[in-house]
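Please construct the entire structure, taking both the sequences and the accompanying hints into account.
Quick note, the sequences are listed as chains A and B, same order. This note's numbering numbers the first residue of the first sequence as 35 and each following residue consecutively. This note's numbering numbers the first residue of the second sequence as 161 and each following residue consecutively.
These are calculated hints, taken from the structure and not from any lab test. Wrong hints could be hidden among the right ones.
[As the list claims (entries may be wrong)] Chain A regions said to be covered by chain B (calculated; three or more residues, Cβ under 8 angstroms):
#1 113-125
#2 131-139
#3 182-190
[Claimed, not checked] Distance ranges between label pairs, derived from CB positions:
#4 212/B - 69/A: 39 to 45 angstroms
#5 251/B - 142/A: 31 to 37 angstroms
#6 86/A - 197/B: 56 to 62 angstroms
[To be verified] Simulated pairs of lysine-lysine, DSS-like, Cα-Cα distance not exceeding 30 angstroms:
#7 162/A - 305/B
#8 164/A - 305/B
#9 127/A - 103/A
#10 305/B - 127/A
No residue lacks a Cβ here, since even glycine has one placed at the ideal position from N, Cα and C.
One-letter residues, chain by chain:
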Amino acid sequence: MIKVVDLQKRFGPLHVLKGITNEIREGEVVCVIGPSGSGKSTFLRCLNLLEVPNGGRIYFAGKEITDFKNVDINQVRAEMGMVFQRFNLFPHKNVLENICLAPLKVRKYSREEAEAKAYDLLQKVGLKEKALAFPDNLSGGQQQRVAIARALAMQPKVMLFDEPTSALDPEMIKEVLDVIKELAQEGMTMVVVTHEMGFAREVADRVLFMDDGLIVEEDTPDNLFNAPQNERTQSFLSKVL
Amino acid sequence: MDYIWDFNVVVRFFPVLLEGAVLTLELTCIAVGMGILIGTFVGIGRVSKNKLIFSLSSIYVNFIRGTPMLVQLYLVYFGLPAYFGPIPPLMAAIITLSVNSGAYVAEIVRAGIQSIDRGQLEAARSLGMTYSQAMRHVLIPQTFKRIIPPLGNEFIALLKDSSIVSVIALEELVRKGSMIAGRTFRSFEIWTAVALLFLFMTLPITQLVNYAERRLKQE
Ligand SMILES: Nc1ncnc2c1ncn2[C@@H]1O[C@H](COP(=O)(O)OP(=O)(O)OP(=O)(O)O)[C@@H](O)[C@H]1O
Ligand SMILES: [Mg+2]
Numbered sequence: 035m036i037k038v039v040d041l042q043k044r045f046g047p048l049h050v051l052k053g054i055t056n057e058i059r060e061g062e063v064v065c066v067i068g069p070s071g072s073g074k075s076t077f078l079r080c081l082n083l084l085e086v087p088n089g090g091r092i093y094f095a096g097k098e099i100t101d102f103k104n105v106d107i108n109q110v111r112a113e114m115g116m117v118f119q120r121f122n123l124f125p126h127k128n129v130l131e132n133i134c135l136a137p138l139k140v141r142k143y144s145r146e147e148a149e150a151k152a153y154d155l156l157q158k159v160g161l162k163e164k165a166l167a168f169p170d171n172l173s174g175g176q177q178q179r180v181a182i183a184r185a186l187a188m189q190p191k192v193m194l195f196d197e198p199t200s201a202l203d204p205e206m207i208k209e210v211l212d213v214i215k216e217l218a219q220e221g222m223t224m225v226v227v228t229h230e231m232g233f234a235r236e237v238a239d240r241v242l243f244m245d246d247g248l249i250v251e252e253d254t255p256d257n258l259f260n261a262p263q264n265e266r267t268q269s270f271l272s273k274v275l
Numbered sequence: 161m162d163y164i165w166d167f168n169v170v171v172r173f174f175p176v177l178l179e180g181a182v183l184t185l186e187l188t189c190i191a192v193g194m195g196i197l198i199g200t201f202v203g204i205g206r207v208s209k210n211k212l213i214f215s216l217s218s219i220y221v222n223f224i225r226g227t228p229m230l231v232q233l234y235l236v237y238f239g240l241p242a243y244f245g246p247i248p249p250l251m252a253a254i255i256t257l258s259v260n261s262g263a264y265v266a267e268i269v270r271a272g273i274q275s276i277d278r279g280q281l282e283a284a285r286s287l288g289m290t291y292s293q294a295m296r297h298v299l300i301p302q303t304f305k306r307i308i309p310p311l312g313n314e315f316i317a318l319l320k321d322s323s324i325v326s327v328i329a330l331e332e333l334v335r336k337g338s339m340i341a342g343r344t345f346r347s348f349e350i351w352t353a354v355a356l357l358f359l360f361m362t363l364p365i366t367q368l369v370n371y372a373e374r375r376l377k378q379e
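Below is the structure:
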């Protein structure tokens with residue numbers, strides 16, 4: 035589904051991604067863990083080209099999307115949902131409008147179609163009764179569930195999550211993780227950057243450990259958490275587990 | 161001091177002063193209206209990644225903000241006729257004030273757009289919206305509330321600065337004042353009245369700005 039070959043990213047003199055190569059298969063749930071500043075967010079943001087890579091190639095659904103001259107970036111992004119740490123709901127629009135905006139403007143759905151789909155998704159994330167509420171009047175957990183529904187409304191092929199629960203109060207983490215788990219069970223292809231090791235262990239098909247701009251180790255959660263091979267993985271896990 | 165106040169003169173000429181005040185208000189409203197139109201486009205140009213659009217809008221803004229309005233007025237009123245033939249004073253005044261206001265409004269719009277959290281643009285783009293869709297549906301609507309107070313301040317500033325067009329014989333409030341003062345030798349009374357008329361026009365807007373700022377702070 036997504037294939038990454040020797041991905042490089044620099045911010046000025048800072049070399050953040052130093053050659054990432056990996057493949058995310060259809061229906062796979064991949065969790066990305068690693069210390070702060072290791073480049074996890076940058077890696078994720080390169081996948082939907084929110085950051086423009088300085089080198090390497092990214093293939094999505096069989097097509098090279100880093101071939102900028104021949105690729106419609108907006109079309110690529112429409113096929114990849116992204117959920118941010120800080121939700122980033124549109125504060126001037128209510129929940130329903132948040133969800134419907136992109137389907138209406140990008141996919142050119144009719145309003146009836148878009149709203150019907152939005153209500154289905156709200157039902158799925160358990161917030162049907164909040165359709166007309168504004169984001170400021172929702173809890174963090176509710177906002178994040180709306181953000182997930184908003185991304186799903188575009189019917190993406192892949193969902194990218196960047197620490198979806200890091201900005202939440204502890205009592206709200208579960209409601210968001212449960213929604214993501216349900217997606218995983220339905221077979222959605224997902225890349226999840228997370229600090230929730232319990233979640234990664236339970237849901238991931240594969241875990242990538244990143245450090246200093248590289249994927250240092252990758253394995254099934256059982257192997258990676260119980261028997262990490264690399265010394266840096268060991269030291270990271272000993273601190274967080 | 162044996163100057164004896166005589167505010168009767170103000171009463172007598174009040175209709176004339178009022179006429180001037182109305183022209184002042186009209187000029188300001190037209191100029192700020194045009195300014196908002198110009199400033200919205202130029203302000204968006206000032207955050208554009210397109211180098212040509214960015215440069216052109218920056219040159220405009222810097223030129224207007226870096227030169228006296230009086231010089232801009234002379235340039236329009238005395239300078240442009242060299243190419244376009246004579247321009248009526250009212251037209252010159254409206255052009256100058258509008259173009260001047262446009263630059264200041266552009267900076268207000270730019271600051272408004274830049275004050276919106278980066279995450280908003282990223283969220284919009286991640287959903288597949290184009291840059292201009294994201295601007296139109298996500299960023300610009302969020303700037304509306306935030307730019308009301310500075311726009312009010314711009315209105316007040318322009319209302320006062322519009323008196324500059326008196327130098328090309330437009331009979332707005334200040335010009336009326338000096339005509340009456342010259343005729344009646346009642347400078348103190350007349351200029352007090354002129355000042356109060358300005359205050360009368362600006363105070364409601366000051367109140368509005370304060371109210372809008374309080375509302376924003378509460379959010
Ligand atoms: N837009 C940017 N401009 C300059 N430097 C940046 C930018 N974005 C990220 N960086 C730097 O790149 C490095 C990697 O950042 P990144 O956000 O990818 O790390 P991360 O692994 O997601 O960390 P965290 O766990 O704290 O979220 C950091 O040193 C960061 O300061
Ligand atoms: Mg991060």
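Okay, the hints, checked on the actual structure:
With a cut-off of 8 angstroms between beta carbons, the region 113-125 of chain A has 10 residues touching chain B; three or more are needed, and the interface restraint holds. With 3 residues having a beta carbon nearer than 8 angstroms to a beta carbon of chain B, the region 131-139 of chain A meets the requirement of three or more and the stated coverage holds. Beta-carbon proximity to chain B at under 8 angstroms applies to 3 residues in the region 182-190 of chain A; the threshold of 3 is reached and the given coverage holds. For residue 212/B paired with residue 69/A, a C-beta distance near 43 angstroms keeps the hint of 39 to 45 angstroms intact.
Checked against the given bound of 31 to 37 angstroms, the beta carbons of residue 251/B and residue 142/A, roughly 45 angstroms apart, lie outside it. With their beta carbons about 34 angstroms apart, residue 86/A and residue 197/B fall outside the hinted range of 56 to 62 angstroms. Under the criterion of a C-alpha separation no larger than 30 angstroms, the hint pairing residue 162/A with residue 305/B is consistent with the structure, at around 29 angstroms. Between the alpha carbons of residue 164/A and residue 305/B the distance comes to roughly 24 angstroms, so the proposed pair stays at or under 30 angstroms and holds.
For the suggested pair residue 127/A and residue 103/A, the alpha carbons sit about 34 angstroms apart, so the restraint of at most 30 angstroms is broken. A hinted pair counts as satisfied when its Cα atoms are at most 30 angstroms apart, and residue 305/B with residue 127/A qualifies at roughly 14 angstroms.
Going through the hint list in order, the structure does not satisfy hints 5, 6, 9.
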